[in-house]
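**Q** I would like the entire structure built from these sequences, with the hints used as guidance.
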Amino acid sequence: MDMNGKMREEKVEETKLPDTKEGKLVKALIEKASYAEGSVRRERRVEFNVPAERIHDFLELASETFEMLMQISVVDWLKEGEFEVVYQLWSVSEGAHAFVRTRISREDAKLPTVMDIWPVAETYEREAHEFFGIIFEGNPRLGPFILEPREYEKHPLRKDFNMLSYVKAIYGDDFDRYDESKTNYVI
Amino acid sequence: MAERKDFGENDGVIHYELQEFKLFEPLFKWARKKSLWIVAFCTGCGGIEMPPLATARYDFERFGIMPNPAPRMGDLFLITGYVTPKTLKRIIITYEMMQDPKYLLAHGSCPINGGVYWDSYNVVKQLDKYIPIDVAIAGCMPRPEAVMDGIMEIMRKIERGEADGWKRYRENYEYYRRNQDKLFGEGWREKEAKRWLAWI
Numbered sequence: 001m002d003m004n005g006k007m008r009e010e011k012v013e014e015t016k017l018p019d020t021k022e023g024k025l026v027k028a029l030i031e032k033a034s035y036a037e038g039s040v041r042r043e044r045r046v047e048f049n050v051p052a053e054r055i056h057d058f059l060e061l062a063s064e065t066f067e068m069l070m071q072i073s074v075v076d077w078l079k080e081g082e083f084e085v086v087y088q089l090w091s092v093s094e095g096a097h098a099f100v101r102t103r104i105s106r107e108d109a110k111l112p113t114v115m116d117i118w119p120v121a122e123t124y125e126r127e128a129h130e131f132f133g134i135i136f137e138g139n140p141r142l143g144p145f146i147l148e149p150r151e152y153e154k155h156p157l158r159k160d161f162n163m164l165s166y167v168k169a170i171y172g173d174d175f176d177r178y179d180e181s182k183t184n185y186v187i
Numbered sequence: 001m002a003e004r005k006d007f008g009e010n011d012g013v014i015h016y017e018l019q020e021f022k023l024f025e026p027l028f029k030w031a032r033k034k035s036l037w038i039v040a041f042c043t044g045c046g047g048i049e050m051p052p053l054a055t056a057r058y059d060f061e062r063f064g065i066m067p068n069p070a071p072r073m074g075d076l077f078l079i080t081g082y083v084t085p086k087t088l089k090r091i092i093i094t095y096e097m098m099q100d101p102k103y104l105l106a107h108g109s110c111p112i113n114g115g116v117y118w119d120s121y122n123v124v125k126q127l128d129k130y131i132p133i134d135v136a137i138a139g140c141m142p143r144p145e146a147v148m149d150g151i152m153e154i155m156r157k158i159e160r161g162e163a164d165g166w167k168r169y170r171e172n173y174e175y176y177r178r179n180q181d182k183l184f185g186e187g188w189r190e191k192e193a194k195r196w197l198a199w200i
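Just so you know, the protein sequences line up as chains A and B, in that order.
Okay, so the first sequence: first residue is 1 according to our numbering, each after it adds one.
Okay, so the second sequence: first residue is 1 according to our numbering, each after it adds one.
Among the clues, some could well be false.
Said to hold, decoys possible - Straight-line Cα separation of at most 30 Å, DSBU-like style, residue types lysine-lysine; simulated pairs:
| id | chain 1 | residue 1 | chain 2 | residue 2 |
| --- | --- | --- | --- | --- |
| 1 | B | K157 | B | K129 |
| 2 | B | K157 | A | K154 |
| 3 | A | K182 | B | K182 |
| 4 | A | K168 | B | K129 |
| 5 | B | K157 | B | K167 |
| 6 | A | K154 | B | K191 |
What the hints assert, rightly or not - In silico negatives: residues of chain A with every beta carbon more than 10 Å from chain B:
| id | residue |
| --- | --- |
| 7 | P18 |
| 8 | L61 |
| 9 | R101 |
| 10 | L147 |
| 11 | K159 |
| 12 | I170 |
Calculated from the structure, these hints are not laboratory results.
We put the CB at the ideal spot given by N, CA and C, even for glycine.
**A** Structure (structure tokens):
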């Protein structure tokens, strides 16, 4: 027990936040939200890992220093069976860019909307919903957005979307990357 | 073409040149060649090659080429890059709004076979299946010299009377229409037209 405690202390010593503007930013936020992990990647870049059930609380807290939501991006980790949703925040007052990462399962991809914090999130959530099928609960305008209606159901940026068979079904299968004798693959 | 059969005389073949004007045809061809007004549909990356083409170094105005805001007055339709299904709808409608004779110049490899987007779900692979291309410039992206060469080629073709994409579009309209309907679904024109009415 004691040993373990000591080990943990040492580890904390190792990953101590640097004594910079970014380190102070992360430290202040982590003190308020103990469930989140934070780190400094480099100058003007900070990262947070937050469990999905607390993401709304955390973003509400973070919005005091990070006034602006720049983007919501999604990474599809197929083997882990998870989506990684990255909220990219920008602090106008501090000049720092924050990645707030959270992971949700692919089968039951649901997150609370952050439209009440940043109204601009509506567009980004619609986009993430259309390309990956994540449901943002509370967003009133989820639905077909940019893509053709037939693509909306398929969520084409998911890793398990079979792009080539879809392309051949839509545009005809008379195109491929073989030369005229059908022996050499050209690209 | 079924309803055209009632007219009998032409048997569905449309003649574009009036017999009386046959004498002046070389003059018309020269005039068409020397006054190509472009409808620059800046899709994809070729739109960036347009400014050097228009400015002092390559200066396409010395060939009588002029940028032109309205498709009704345009002769040459430049498709400057990859074409998505949504863009293709606009391209087809714009192309049909242009007056005959009209010529279509496709830049780069994307309109030919998809280019680097060959397995993308959202890029049209062969533009020639949906509207007729007169000259296609290969390359990714063709430099202004290559575009200039393509324009010279289309001028030569006009002089020889080979730039007949607009005739092919009329004669094989059913083929093009079938491909378009296959991609967009039946009745897409009416749907699109409704959305355009406010701007037309």
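**Q** A/L61: least C-beta distance to chain B exceeds 10 Å?
**A** With a cut-off of 10 Å, A/L61 remains clear of chain B, as the shortest Cβ separation is near 38 Å.
**Q** Beyond 10 Å on every Cβ pair: is that true for A/P18 relative to chain B?
**A** Fine: 41 Å to the nearest Cβ keeps A/P18 off the interface.
**Q** Does the claim that A/L147 lies off the interface hold, with its Cβ farther than 10 Å from every Cβ of chain B?
**A** violated (7 Å)
**Q** Is B/K157 within 30 Å of A/K154, Cα to Cα?
**A** violated (44 Å)
**Q** If we take the beta carbon of A/R101, is the closest beta carbon in chain B still more than 10 Å away?
**A** holds (27 Å)
**Q** Verify the proposed pairing of A/K154 with B/K191, using a straight-line Cα cut of 30 Å.
**A** Holds - the C-alpha atoms of B/K191 and A/K154 are around 23 Å apart, at most 30 Å.
**Q** Does A/K159 really sit off the interface, with its C-beta more than 10 Å from all C-beta atoms of chain B?
**A** holds (14 Å)
**Q** Between the alpha carbons of A/K168 and B/K129, is the straight-line distance 30 Å or under?
**A** holds (15 Å)
**Q** Are all C-beta atoms of chain B more than 10 Å from that of A/I170?
**A** The assertion about A/I170 is violated, with a minimum of 7 Å to chain B.
**Q** What's the verdict on A/K182 and B/K182, does the C-alpha distance respect the 30 Å limit or exceed it?
**A** holds (26 Å)
**Q** Given the hinted pair B/K157 and B/K129, is their Cα-Cα distance within 30 Å?
**A** holds (21 Å)
**Q** Given the proposed pairing of B/K157 with B/K167, does the C-alpha separation stay at or below 30 Å?
**A** With Cα atoms ~14 Å apart, B/K157 and B/K167 stay inside 30 Å; holds.
Of the numbered hints stated above, those contradicted by the structure are hints 2, 10, 12, listed in ascending order.
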